[in-house]
Amino acid sequence: NAGVTQTPKFQVLKTGQSMTLQCAQDMNHEYMSWYRQDPGMGLRLIHYSVGAGITDQGEVPNGYNVSRSTTEDFPLRLLSAAPSQTSVYFCASSYQGARVVAGELFFGEGSRLTVL
Amino acid sequence: GQQVMQIPQYQHVQEGEDFTTYCNSSTTLSNIQWYKQRPGGHPVFLIQLVKSGEVKKQKRLTFQFGEAKKNSSLHITATQTTDVGTYFCAVRGVDSNYQLIWGAGTKLIIKP
Chain A
1 NAGVTQTPKF QVLKTGQSMT LQCAQDMNHE YMSWYRQDPG MGLRLIHYSV
51 GAGITDQGEV PNGYNVSRST TEDFPLRLLS AAPSQTSVYF CASSYQGARV
101 VAGELFFGEG SRLTVL
Chain B
1 GQQVMQIPQY QHVQEGEDFT TYCNSSTTLS NIQWYKQRPG GHPVFLIQLV
51 KSGEVKKQKR LTFQFGEAKK NSSLHITATQ TTDVGTYFCA VRGVDSNYQL
101 IWGAGTKLII KP
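From first to last, the protein sequence lines stand for chains A and B.
Counting in the numbering used here, the first sequence runs without a single skipped number right up to 116 at its last residue.
Counting in the numbering used here, the second sequence runs without a single skipped number right up to 112 at its last residue.
Hints in this document: simulated from the structure, not taken from any laboratory.
Note that the structure is a prediction, hence the values are computed from the model and not measured.
Glycine included, every Cβ here is placed at the ideal spot set by N, Cα and C.
You may find that some hints are simply not true.
As the list claims (entries may be wrong) - Below, simulated DSSO-like cross-link-like pairs (lysine-lysine); rule was C-alpha separation at most 30 angstroms, straight line:
1. LYS36/B x LYS9/A
2. LYS56/B x LYS111/B
3. LYS51/B x LYS107/B
4. LYS111/B x LYS57/B
5. LYS107/B x LYS9/A
6. LYS70/B x LYS57/B
What the hints assert, rightly or not - Pulled a few chain A residues facing chain B out of the computed Cβ check, cut under 7 angstroms:
7. PHE10
8. GLY42
9. LEU43
10. LEU45
11. GLU104
12. PHE107
13. GLU109
14. GLY110
Unchecked claim - What follows is a set of in silico ranges between Cβ atoms, one per label pair, in the way DEER data are often shown:
15. ALA82/A x GLY16/B: 43 to 51 angstroms
16. GLN3/B x PHE10/A: 29 to 37 angstroms
17. SER84/A x VAL13/B: 28 to 36 angstroms
The task is simple: from the sequences and hints, build the whole structure.
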């Protein structure tokens, strides 16, 4: 099992450019999510999905789009990159989307994005 | 909305000393998870606590969930260099949806 795979690992963008961060998992997890991590701020949820065809906004969704056409893939699109989106992005998945008690999150290795 | 405070932000210890991080919420939690992130790495799940007053141990790590389910702690006995990293709590409130709310983390630094 590869677990959660994110690409690319590093990316430099210019302000206004768009790009897609890819995330794939091979664990048949229903729940997938995207976080951004900034120094001293923990992880903040951008978007999440509880199954194919279902997505919802997290804490900081502005400037990002997601889709979930398959169980395995959950790409994150930056529509028009801004310097404030410079961050480390993590994709995470879980085997269980239960409301009260959910399974552990499995994280990808992260994508380090710099917007100039 | 749901917020969680994690303290301290940093803790410097000599190797062999103990380490503790605390996670506090103003509202009742349904469960709490703890993760470890090594420098340059990704968060890795350590444990989940669900029951009031629950105490779980993993070798030198002891996790506690408060009786009121509003706070939790992670204690490491006799730290080793392999313990270096940032420890995060992630909580889910009783009225929340699927979202985990993350503490800002406590960075464990071993003094040379």
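So if I understand the rule, the pair passes when the alpha-carbon distance is 30 angstroms or less; does LYS111/B with LYS57/B pass? holds (25 angstroms)
Straight-line Cα separation of LYS107/B and LYS9/A no greater than 30 angstroms? holds (24 angstroms)
Min Cβ distance, PHE10/A to chain B: is it shorter than 7 angstroms? violated (12 angstroms)
Mind checking the hinted window 28 to 36 angstroms against the Cβ distance between SER84/A and VAL13/B? Distance hint for SER84/A, VAL13/B holds at roughly 35 angstroms.
With 7 angstroms as the cut and Cβ atoms as the points, is GLU104/A at the interface with chain B? holds (4 angstroms)
Does the Cβ distance between ALA82/A and GLY16/B fall inside 43 to 51 angstroms? holds (46 angstroms)
Hey, does the GLU109/A contact hint survive, CB to chain B under 7 angstroms? holds (5 angstroms)
Are the Cα atoms of LYS70/B and LYS57/B separated by 30 angstroms or less? holds (20 angstroms)
Taking 30 angstroms as the top limit, are the C-alpha atoms of LYS36/B and LYS9/A close enough? holds (20 angstroms)
Chain B contact restraint on LEU43/A - CB to CB distance below 7 angstroms: holds (4 angstroms)
If you take the shortest Cβ to Cβ gap from GLY42/A to chain B, is it below 7 angstroms? holds (4 angstroms)
For a C-alpha distance cap of 30 angstroms, please report whether LYS56/B and LYS111/B respect it. holds (28 angstroms)
This entry does not satisfy hint 7, going by the numbered hints stated previously; all others are met.
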